[in-house]
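Participant: Read off the chains here:
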Amino acid sequence: MSNIFSVVPIQHYIILSAILFSIGVLGVLTRRNAIIIFMSVEIMLNSVNLLLAAFSTYHNDAAGQIFVFFIMAVAAAEVAVGLAIIVMIYRNINTIDINELNKLKG
Amino acid sequence: MIASIFYFLAFVSIFFAFMVVVSKNPVHSVLYLILTFFTIAGHYLLLNAQFLALVHIVVYAGAIMVLFLFVIMLLNLNVDKEPVNTNLMKFAGAIAGGSLMLVLIAVLSKTSIMLPAHPANTQIGLIKNLGKVLYTEYNLPFEIASILFLVAMIGAVILAKKNPHTT
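So the sequence lines, in the order shown, correspond to chains A and B. With the numbering used here as the guide, the letters of the first sequence map in order to residues 1 to 106. With the numbering used here as the guide, the letters of the second sequence map in order to residues 1001 to 1167.
These are computed hints drawn from the structure, not numbers from a lab. Glycine included, C-beta positions come from ideal geometry on N, C-alpha and C. Incorrect hints may have been included.
As the list claims (entries may be wrong) - Stretch by stretch, here's where chain B covers chain A in the computed footprint (C-beta under 8 Å, at least three residues):
{"#": "1", "stretch": "9-20"}
{"#": "2", "stretch": "50-62"}
{"#": "3", "stretch": "67-73"}
With these hints in hand, go ahead and build the complete structure from the sequences.
Facilitator: In structure tokens, the structure reads:
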């Protein structure tokens, strides 16, 4: 397969990542369901991963793809702990509405 | 041909990501997120990052999304339990997110990348090459990642198990 950057400029990858990241921010800002907020964070992580992979191919350097690999590892660990916290919250206050979480302060 | 595949995948991934954010039902959100992940795996394939595409599908669509679906079904969330923001908050969030997108695009589209693209090397994303780099240059972070997983595993188990003192 020929190099993709001969037909698609790298700027388009940057713009795609920026749009995906902004959609993630939009989700965090507008939703109140903790699980949806979590998914929006995943979208943000993925947009960054995509840009890292794009620049890795652009500069012919494997380090970018290794970083993507590590981000995936951290995301997997984060999801496991975060969902455990959400289950715990649901068990304690019987909702996952983040506006109810102000009851955490004593 | 490759360019049209890229633009199609880009459009589809933006559409599905947007549907994740706007759909009312959490289960639909998860399903749209799985589709988003598949389109991003397609982007990795276009970038000659075959190993990443494979790992992405296995880790995200295989492990993380199953965890999300499992928790949503465990908590029995559905549309009528879904907490909704007031319209003012939604509007403010949309304005803030949209402004961020405008600023990012306006700044980043003006940047000029100094270095030209390297000639195509289709070998770089293969397991053989990535494994060599991972186990030589990035050996220490790789080992530390295993400690991270151990901590995350213990933490998740301790958090999710029933506390006999409170319940």
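Participant: Compare the structure with each hint and give your call.
Facilitator: Quick rundown of the hints versus the structure:
| no. | hint | in the structure |
| --- | --- | --- |
| 1 | 9-20 | holds (count 9) |
| 2 | 50-62 | holds (count 10) |
| 3 | 67-73 | holds (count 5) |
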